[in-house]
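Undergrad: Here is how the chains run, residue by residue.
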Amino acid sequence: MESSEAADRLKLLGTVRERSRGLRPARGYSVFMLWSAVLIAAYVALFLFSFGGLFSVDTGEAGYTPMYLLLTPVLLFSGLAGGARERFGVRTTPSAWRWIGYGTGMAGFLVLAVLSLTSIAYPWWLNVVVPLILLVAGATGPLIALIGTKGEGSDRWEAVPLSTPVRVMTGVMGLPLGILLATSTARLAALISAVVVMVMCIVVLLCMRAPFGLTRVGHEWSPLHWCGFGASAAVGYAGALLISLGVWSTAAAIVTGILAVLIMAAVAFLPRRGH
Amino acid sequence: MAHPRHELDAAFLTPVRFSLMAALGRRTEVDFGTLRDLLEADDSSMSKAISHLEQAGYVKATKGYAGNRPRTWITATSKGTAAFARHVAALRAITDTEE
Chain A
1 MESSEAADRL KLLGTVRERS RGLRPARGYS VFMLWSAVLI AAYVALFLFS FGGLFSVDTG
61 EAGYTPMYLL LTPVLLFSGL AGGARERFGV RTTPSAWRWI GYGTGMAGFL VLAVLSLTSI
121 AYPWWLNVVV PLILLVAGAT GPLIALIGTK GEGSDRWEAV PLSTPVRVMT GVMGLPLGIL
181 LATSTARLAA LISAVVVMVM CIVVLLCMRA PFGLTRVGHE WSPLHWCGFG ASAAVGYAGA
241 LLISLGVWST AAAIVTGILA VLIMAAVAFL PRRGH
Chain B
1 MAHPRHELDA AFLTPVRFSL MAALGRRTEV DFGTLRDLLE ADDSSMSKAI SHLEQAGYVK
61 ATKGYAGNRP RTWITATSKG TAAFARHVAA LRAITDTEE
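Chains A and B are the protein sequences, given in the same order. Take the first sequence: its letters are residues 1 to 275, numbered as in the numbering used here. Take the second sequence: its letters are residues 1 to 99, numbered as in the numbering used here.
Don't read these hints as lab results, they were simulated from the structure. Treat the hints with care, as some may be off.
Below, simulated DSSO-like cross-link-like pairs (lysine-lysine); rule was C-alpha separation at most 30 Å, straight line [said to hold, decoys possible]:
| no. | chain 1 | residue 1 | chain 2 | residue 2 |
| --- | --- | --- | --- | --- |
| 1 | B | Lys60 | B | Lys79 |
| 2 | B | Lys79 | B | Lys48 |
| 3 | B | Lys60 | B | Lys48 |
| 4 | A | Lys11 | B | Lys79 |
| 5 | B | Lys63 | B | Lys48 |
| 6 | B | Lys79 | B | Lys63 |
| 7 | A | Lys11 | B | Lys48 |
| 8 | A | Lys150 | B | Lys48 |
Label-pair distances were calculated between CB atoms; the ranges are [to be verified]:
| no. | chain 1 | residue 1 | chain 2 | residue 2 | range |
| --- | --- | --- | --- | --- | --- |
| 9 | A | Lys11 | B | Thr62 | 27 to 33 Å |
| 10 | A | Ser249 | B | Asp37 | 57 to 63 Å |
| 11 | A | Thr149 | B | Asp37 | 19 to 25 Å |
| 12 | B | Arg86 | A | Thr93 | 20 to 26 Å |
| 13 | A | Leu206 | B | Lys79 | 32 to 38 Å |
| 14 | A | Thr104 | B | Asp42 | 44 to 50 Å |
| 15 | B | Tyr65 | A | Leu10 | 34 to 40 Å |
C-beta: ideal position from N, C-alpha, C; glycine also.
Just chain A, same shape as in the assembly (with noise of 0.2 Å):
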């Protein structure tokens, strides 16, 4: 290769450079990671809390165990980021830090949960340790990324309607919630429900790439409709932690139940079509 040609290649290397100086991840994207690293630290944090021995898991008037308002957010959810990450041009892949930490959570966590869950005992601060853990390893990267974007707004995640399928789907999301928690107060339904509201969330995470599938939902999704989300999974785990703590009853359940529901009811229709 003669000198010139170097030298113009060079060249364009700064040039090509200096364009992408801007491809970086929207700031929605960051918005959304940071988001799905808070989701997943409460999940850790809740779980521990409730089975870590610091309170009794099944209490008098509930005969049921909170872990399925726990999981089942967080099993939805799994399906939903894989659409969410789909709508996004520029992303992230993780740094070798962030696997190292998110591993050492997950592999703490997998080992209290065995210990709590055998009733064996170890040192309570453990259980904010590893959240603490998992929420840095999940929120550091989204978090620099936005103050380094700060002020840019250009790339607005914006939100519109949602498809007919979508729009269904979405409706219906706080019903797997709004079940557990209503039934929670009768052992026979609350049972029955589990395994009801179980089966419904392996069936909708098979039918992933259907029209109506998490992953569809997930893409179409706005801030809006993840917001309804997060707050129709904070009941839940609302609802999760007042059992552990022995203070719930049937009119909290049936009224937690209602709640559940109607976020995700309500976020389905916004934004209106036409608007």
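Since the structure of chain A is already known, use the hints to place chain B on it.
TA: Just chain B now, kept in the frame of chain A:
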């Protein structure tokens, strides 16, 4: 001492393949359409470039869907990043040698 041209990697000798590696940052996945528009290339030359670099192990193409439409994300592998860095160093050495 060997001439630095021997350090050039044949995988990066075409402008499209060279530009593609230059555009891909560390740990960034970029979809096909975004890269094509950035490099002002056509679908055919982009596909061929990606295929060639993928066979060399320098990029990884991940297929997915954006709604109903298939979509491909491309990311540079660590092997590709290192190889491209050596290629650029060789280019600089060539320009330095013959000045």
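Undergrad: For every hint, state whether the structure bears it out.
TA: Hint check:
1. In summary, the hint linking lysine 60 of chain B to lysine 79 of chain B is supported, as the alpha carbons are separated by about 11 Å, within the 30 Å threshold.
2. This hinted pair checks out: lysine 79 of chain B and lysine 48 of chain B have alpha carbons roughly 19 Å apart, not beyond 30 Å.
3. About 14 Å separates the Cα atoms of lysine 60 of chain B and lysine 48 of chain B, which keeps this hinted pair within 30 Å; it holds.
4. Annotation: proposed proximity of lysine 11 of chain A to lysine 79 of chain B holds, straight-line Cα distance about 23 Å (limit 30 Å).
5. The straight-line distance between the Cα atoms of lysine 63 of chain B and lysine 48 of chain B is roughly 16 Å, inside the 30 Å bound, and the hint therefore holds.
6. About 20 Å separates the Cα atoms of lysine 79 of chain B and lysine 63 of chain B, which keeps this hinted pair within 30 Å; it holds.
7. Restraint check for lysine 11 of chain A and lysine 48 of chain B: the C-alpha separation of about 23 Å stays at or below 30 Å, so the hint holds.
8. This hinted pair does not check out: lysine 150 of chain A and lysine 48 of chain B have alpha carbons roughly 37 Å apart, beyond 30 Å.
9. Judged by the Cβ atoms, the range 27 to 33 Å given for lysine 11 of chain A and threonine 62 of chain B holds: they are separated by roughly 31 Å.
10. Between serine 249 of chain A and aspartate 37 of chain B the Cβ separation comes to about 58 Å, which falls inside the hinted range of 57 to 63 Å.
11. A hinted range of 19 to 25 Å holds for the C-beta pair threonine 149 of chain A and aspartate 37 of chain B, which are about 20 Å apart.
12. Look at arginine 86 of chain B against threonine 93 of chain A: about 22 Å separates their beta carbons, and that is inside 20 to 26 Å.
13. For the hinted restraint 32 to 38 Å between leucine 206 of chain A and lysine 79 of chain B, the CB-CB distance of approximately 36 Å keeps it satisfied.
14. Range check, threonine 104 of chain A to aspartate 42 of chain B: about 46 Å between beta-carbon atoms, so the 44 to 50 Å window is met.
15. At roughly 38 Å, the beta carbons of tyrosine 65 of chain B and leucine 10 of chain A sit within the given window of 34 to 40 Å.
Hint 8 from the list above is the single one not met by this structure.
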